[in-house]
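Asker: Given next are the chains, with one letter for each unit.
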Amino acid sequence: AQSVTQLDSHVSVSEGTPVLLRCNYSSSYSPSLFWYVQHPNKGLQLLLKYTSAATLVKGINGFEAEFKKSETSFHLTKPSAHMSDAAEYFCVVSDLPGQNFVFGPGTRLSVLP
Amino acid sequence: NAGVTQTPKFQVLKTGQSMTLQCAQDMNHNSMYWYRQDPGMGLRLIYYSASEGTTDKGEVPNGYNVSRLNKREFSLRLESAAPSQTSVYFCASSVGYEQYFGPGTRLTVT
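So the sequences go chain by chain: A and B.
Following this note's numbering, the numbering of the first sequence begins with 4 at its first residue and continues without gaps.
Following this note's numbering, the numbering of the second sequence begins with 28 at its first residue and continues without gaps.
Simulated from the structure, these hints should not be mistaken for laboratory data.
Positions of the beta carbon are idealized from the N, C-alpha and C atoms, including for glycine.
Treat the hints with care, as some may be off.
[Claimed, not checked] Only part of the chain A face toward chain B is listed, based on derived beta-carbon distances under 7 Å:
#1 Val16
#2 Thr20
#3 Pro43
#4 Thr54
#5 Phe93
#6 Phe106
[What the hints assert, rightly or not] Simulated restraints on C-beta separations:
#7 B:Gly80 with A:Tyr32: 35 to 43 Å
#8 A:Asn64 with B:Lys36: 22 to 30 Å
#9 A:Asn44 with B:Met46: 19 to 27 Å
#10 A:Ser55 with B:Lys36: 34 to 42 Å
#11 B:Ser107 with A:Thr80: 44 to 52 Å
#12 B:Thr47 with A:Asp11: 31 to 39 Å
Just chain A, same shape as in the assembly (with noise of 0.2 Å):
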């Protein structure tokens, strides 16, 4: 069976500081692993996925993740956070195209000016 942990349901960042969410997973497969973000009443959009080709995956509007098999992670990461960053995000983990997408809780992220 898949899961996934969130480490943190709030992150707090001033504006132009670093961002790190923290996932950990779980699957009996080689997984595939997303992030997706969801502005306030908004739906979901993917920011970044990872297939089995690099470890270190680049998204849109400046984030990027690392996935490491020995730690079972997909930390997600930004060098620079922006007011319009604020949002929430989630981590996925999937072992079956098509089928069984497994969603985290939710990093809810606040970015001060």
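Starting from the known structure of chain A, fit chain B onto it as the hints suggest.
Answerer: Same frame as chain A, but now just chain B:
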């Protein structure tokens, strides 16, 4: 391309009433999904359809039924709504590993 569309955007039901949430996609995707989103719990899969004519239960199927009407449309039905079904419902479609989400339906059951 409209992507994934959902109707209605908002709905208020009384306990025991029924309703159908509609979802359509114009991207020719085989797989479609229904999720519910509750605070602090992320999105939980209700049902999914890997292809036209097939449906499978997800994590929280109780109290719901689905119909994959054709390749484009995947509807979610609440036969007898309960307050525990108050939530935001998202439909999604996918090609391979990438999912595309609709804007959501906010449902309140009183």
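Asker: Indicate, hint by hint, whether the structure satisfies it.
Answerer: Each hint tested on the structure:
Annotation: valine 16 (chain A) was flagged as interfacial toward chain B, and the flag is violated, the nearest CB pair being 21 Å apart, outside 7 Å. With a cut of 7 Å, the hint placing threonine 20 (chain A) at the interface with chain B is violated, because the nearest CB-to-CB distance is about 26 Å. Because the beta carbon of proline 43 (chain A) sits about 12 Å from the nearest beta carbon in chain B, more than 7 Å, this interface hint is broken. The beta carbon of threonine 54 (chain A) comes within 6 Å of a beta carbon in chain B, closer than 7 Å, and the hint placing it at the interface holds.
At its closest, the beta carbon of phenylalanine 93 (chain A) sits 6 Å from a beta carbon of chain B; the interface hint therefore holds under the 7 Å criterion. At a threshold of 7 Å, the smallest CB-CB gap from phenylalanine 106 (chain A) to chain B is about 4 Å, leaving the interface hint in force. At about 26 Å, the CB distance of glycine 80 (chain B) to tyrosine 32 (chain A) disagrees with the hint of 35 to 43 Å. For asparagine 64 (chain A) paired with lysine 36 (chain B), a C-beta distance near 26 Å keeps the hint of 22 to 30 Å intact.
For asparagine 44 (chain A) paired with methionine 46 (chain B), a C-beta distance near 21 Å keeps the hint of 19 to 27 Å intact. For the pair serine 55 (chain A) and lysine 36 (chain B), the supplied restraint of 34 to 42 Å holds, since their beta-carbon distance comes to about 37 Å. The hinted range of 44 to 52 Å is satisfied by serine 107 (chain B) and threonine 80 (chain A), whose Cβ atoms lie roughly 46 Å apart. At about 38 Å, the beta-carbon gap between threonine 47 (chain B) and aspartate 11 (chain A) stays in the expected band of 31 to 39 Å.
Checked against the numbered hints given earlier, this structure breaks hints 1, 2, 3, 7; the rest are met.
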